[in-house]
Every structure is written in structure tokens, then in C-alpha cells.
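Undergrad: Each chain, letter by letter, is given below.
Protein chains: 2
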Amino acid sequence: MRNFKIILQYEGTRYQGWQRQASTGNTIQGKLEAILGKMTGVEAVQVDGAGRTDAGVHAYGQAAGFKLDTDRTPEAVLAYLNQYLPEDIGVIAIEEMPERFHCRLHARGKTYRYRIWNSALPPVFERRYVYEYPQPLDIEAMRRAAALLVGTHDFKAFTSTKKGKKSTVRTIEELRIETAGEREIQLTYRGDGFLYHMVRILTGTLIEVGSGARRPEEMAELLACGLRERAGALAPAKGLALMEVRY
Amino acid sequence: MRNFKIILQYEGTRYQGWQRQASTGNTIQGKLEAILGKMTGVEAVQVDGAGRTDAGVHAYGQAAGFKLDTDRTPEAVLAYLNQYLPEDIGVIAIEEMPERFHCRLHARGKTYRYRIWNSALPPVFERRYVYEYPQPLDIEAMRRAAALLVGTHDFKAFTSTKKGKKSTVRTIEELRIETAGEREIQLTYRGDGFLYHMVRILTGTLIEVGSGARRPEEMAELLACGLRERAGALAPAKGLALMEVRY
Numbered sequence: 001m002r003n004f005k006i007i008l009q010y011e012g013t014r015y016q017g018w019q020r021q022a023s024t025g026n027t028i029q030g031k032l033e034a035i036l037g038k039m040t041g042v043e044a045v046q047v048d049g050a051g052r053t054d055a056g057v058h059a060y061g062q063a064a065g066f067k068l069d070t071d072r073t074p075e076a077v078l079a080y081l082n083q084y085l086p087e088d089i090g091v092i093a094i095e096e097m098p099e100r101f102h103c104r105l106h107a108r109g110k111t112y113r114y115r116i117w118n119s120a121l122p123p124v125f126e127r128r129y130v131y132e133y134p135q136p137l138d139i140e141a142m143r144r145a146a147a148l149l150v151g152t153h154d155f156k157a158f159t160s161t162k163k164g165k166k167s168t169v170r171t172i173e174e175l176r177i178e179t180a181g182e183r184e185i186q187l188t189y190r191g192d193g194f195l196y197h198m199v200r201i202l203t204g205t206l207i208e209v210g211s212g213a214r215r216p217e218e219m220a221e222l223l224a225c226g227l228r229e230r231a232g233a234l235a236p237a238k239g240l241a242l243m244e245v246r247y
Numbered sequence: 001m002r003n004f005k006i007i008l009q010y011e012g013t014r015y016q017g018w019q020r021q022a023s024t025g026n027t028i029q030g031k032l033e034a035i036l037g038k039m040t041g042v043e044a045v046q047v048d049g050a051g052r053t054d055a056g057v058h059a060y061g062q063a064a065g066f067k068l069d070t071d072r073t074p075e076a077v078l079a080y081l082n083q084y085l086p087e088d089i090g091v092i093a094i095e096e097m098p099e100r101f102h103c104r105l106h107a108r109g110k111t112y113r114y115r116i117w118n119s120a121l122p123p124v125f126e127r128r129y130v131y132e133y134p135q136p137l138d139i140e141a142m143r144r145a146a147a148l149l150v151g152t153h154d155f156k157a158f159t160s161t162k163k164g165k166k167s168t169v170r171t172i173e174e175l176r177i178e179t180a181g182e183r184e185i186q187l188t189y190r191g192d193g194f195l196y197h198m199v200r201i202l203t204g205t206l207i208e209v210g211s212g213a214r215r216p217e218e219m220a221e222l223l224a225c226g227l228r229e230r231a232g233a234l235a236p237a238k239g240l241a242l243m244e245v246r247y
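Top to bottom, those sequences are chains A and B. Note that this note's numbering gives residue 50 to position 50 of the first sequence, counting from 1, and the numbers run on in steps of one. Note that this note's numbering gives residue 100 to position 100 of the second sequence, counting from 1, and the numbers run on in steps of one.
No lab work stands behind these hints, which were simulated from the structure alone. Keep in mind that the hints are not guaranteed to be accurate.
Think about it this way: if two alpha-carbon atoms lie no more than 30 Å apart in a straight line, the pair counts; the simulated DSS-like pairs of lysine-lysine are [to be verified]:
hint, chain 1, residue 1, chain 2, residue 2
1, B, K166, A, K238
2, A, K31, B, K238
3, A, K31, A, K67
So that you can see chain A by itself, here it is in the shape it has in the complex (with noise of 0.2 Å):
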């Protein structure tokens, strides 16, 4: 068996997110795994993500990899791929890794993005892949309070897990809060891995941050309590991109 990794996009408005459903979801998963089964006419091609994307979320540099018994060139199998996936699913990088490397657990770490139109005007192109909030943000205070977020905590407030046995503690390395033209703010978060709904929940806190409806100084609070129900609202999918994932 040879062990492929793959680098793929894809918009997320149509899908029930990345992860193969029990019977009838339509996931990026599911259509990797139906097209190298139809390629190879093994019927159990299992294809893992670096990362689950939640229903309506993109991506621009999702990873993924399977073990195939074939005898084409990784660039074969790609161009495959491409001819088969949709138009809102895209492969665009391909590598034959050692027999060992798996993308999840050797993943070290993923980049998103969220953007929020802030504008009153109609983001016309940008309307898939932004969440509007027209109302005014303070930006300054919401870089306060990302600040306090950096670094190695317990996300426990900040993800809608129940199961309490895994260990809800990451590294967020970087969370840039920027600008992009004159309607859009943009947050970068960079880290070894992500919990599930974090980003979304974390940005969700933020834009309360930024409307004045909490203060900087409370993410510290967030952190210690760890209780999910003190912490923002979830944002929307539809803003949320993964761009990168580091090996």
C-alpha cells in the first residue's frame, strides 16, 4: 500500500462539513473516499483529514491522506481526483509520504481565518465566506483581549465538547486582529491544534469584545472558569476558513 497526502480546497456552503456521515451526509470525506473507491475498486477507502471542518466552513489548505494499492503516479491520482470532485472541492497539491506518516497525528499545528464583514454595504463577492456584522467593533480592545488568549491555557470555556476526558489544553501562537480594505476585519488564529467549535466560540467572545458588550479583562476570567456557558456566542460557519495545516 502506498501512503498519499493531499492538499485540498473547498467552499463549504453546500456540505454537512468534512466528516463522513453514517448513511446520508454530503461530506468533502465521503466524496474523496466514493472517488478513490470507483479509482481503484476497493469499496473501504478511508480518507483522514488533518482536521474535521464543522458544516459551512471552507478551506483553503485542508490536509488529508489514504493508502491506496495502485500503480499511478501521484499526479495521476490527482488529476483523477479533480476530474471527479465537484466544482467547490479541489485538490491542489499531492505527495507520496513513508509508509508511517499519517496527517492527523503528525499534524503540528493549523492556521484559520475568520472574517467579519463590518460594513452596511452588501459584501456582493464576499457574501459566501464572511459573517456580516455591520455594527461598529473596537478593534483596540479586542487585540487586548486576544493578547490574553495567546499562549498555553485551558480551553474549556472556549469549545462545545461534553465528554470532560480529554485534555482541553492548547498553544494558540498567534492571533492577529487586521483590517483587510475598508469593510473587513480579519482574525488569523495560529496553533498546534484546536477544539472543537473554538475558533468559532473564541471569535464569538471577541465580537462581544469589540461591541462593548464585555471587557478584555475578562478572557483571563474565561480561562480560569472554564465554564462554557460564561464564554460568547458561537459564530457562524460561514466566516471560518482553514487555511493551513504544519507538519
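With chain A's structure known, arrange chain B on it following the hints.
TA: Quick look at chain B alone, frame taken from chain A:
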């Protein structure tokens, strides 16, 4: 009657172009006129566009004008339009103009951009806005051809208009051919006005130069002979966008 000028953006994918059609057509002009009619209670509000974009062509800065008997502020008219327009059409600016201003007759020039996706990798996020042409293109040859098109010429060979009465002389002030990232080539046309299909036929012809099917020097012959059938193919609508109307 007060005279308004608006700046519009639209994704042309779903529309049969700018111009209202006799009966059923789904057009940008038709949408605007219907909403302004509803706002004022006047059945026959007429909206004039600075240019008539074809079916599938996009706009980042189309200009349009209309006269209304209304007490609303310009900002309220903009808000009303955006409230009722579908999300692939948006008004990004409005201005009240002197009575004699006419947005088509007073336009001094326009800028169009044509985007070529010059890669075999899929344009997942750009797929609605680019023409996919993965074969290699000789950009230097295209630039030599473009240089021959700049200036004041009879562009009769580069239009689909059948009627021979109106002047087909136009001035291209600038024609830039640039790479954008590793996978895209953009052609930016700035001129005093453009004939029906002119940008798309010029682009189709320049692509044939880039592919090696034509010599750059042929541009002079095409301008001189004025025969549509000697010029290149009509490039697809979806790669084209009206960027700006100058006054």
C-alpha cells in the same frame, strides 16, 4: 423629480445581463426597476446603466441612474434597494446629481478586467469569475499584441454588432496584461467606451496570440481589415467584470 446615481456590484452568474428584457428575463435592470417601482408606487421607473453587461458578466463598479419623485434621503434609497435586492446584487454608493446628469451619456470611460485561470489546478473559490485556460500562454507575445491595440482605432473586427451605421472607432487608453499569483493572468482594459462584445473578442484574440496560434503583428491587420471573422473567438462571459465607470 430628483436625479440619483448609484454604484452597483453584481455577480452576473444568475442573470441574463444588465438590460431589461421584453417579457420574462431575469436582469439587473429589471430587478432595480421593480424595487424602485415598489418603493415609489410608480410603475415605470426607468434605470439607465452606464454600460450593458452581457449575461454572465460581473460588475464591481457599474454605474446607473434614475429619476424619482421621493422625499427619501439618498442613504435611505440605498438602504431600501439593498434591503430588497437579492444578495448577488448590491448598491455600494449613491449620490444625488444635477437634473441634467445622465449616467451613460456623461460617462467618460470604463475599465473592464478579464481573468484567465492559467493552471490545471481547480479554481475552487474563483470558479465563477475566471475562464479556465490551462494551456501555457506566452505573456510577452500577448503584450506585444496588446501594444498594437492601444490607441484610437476602428475596432469593427472586434465587435459582434451587425448594423454598420454607428461609429466603431474607440480609444483604448491602456491594456495591461499581468499575472496575479501563480495561476492567473488578468487583462485590464481602460478606454473611452467599448463596443458590443469588444472586450471578450479582444481577449479571445489575445489568448490565440498567447497560445501561438497567431502572431502579435496580426493585430494591425485585423484593425485595418475590420472583418469580424478574421478576429479570434469570443471569450466566455464569466471571466469578465466591469470594474469602474469614470465621469
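Undergrad: Against this structure, judge whether each hint is valid.
TA: Structure-based check of all given hints:
no.	hint	verdict
1	K166/B to K238/A	violated (49 Å)
2	K31/A to K238/B	holds (27 Å)
3	K31/A to K67/A	holds (16 Å)
This entry does not satisfy hint 1, going by the numbered hints stated previously; all others are met.
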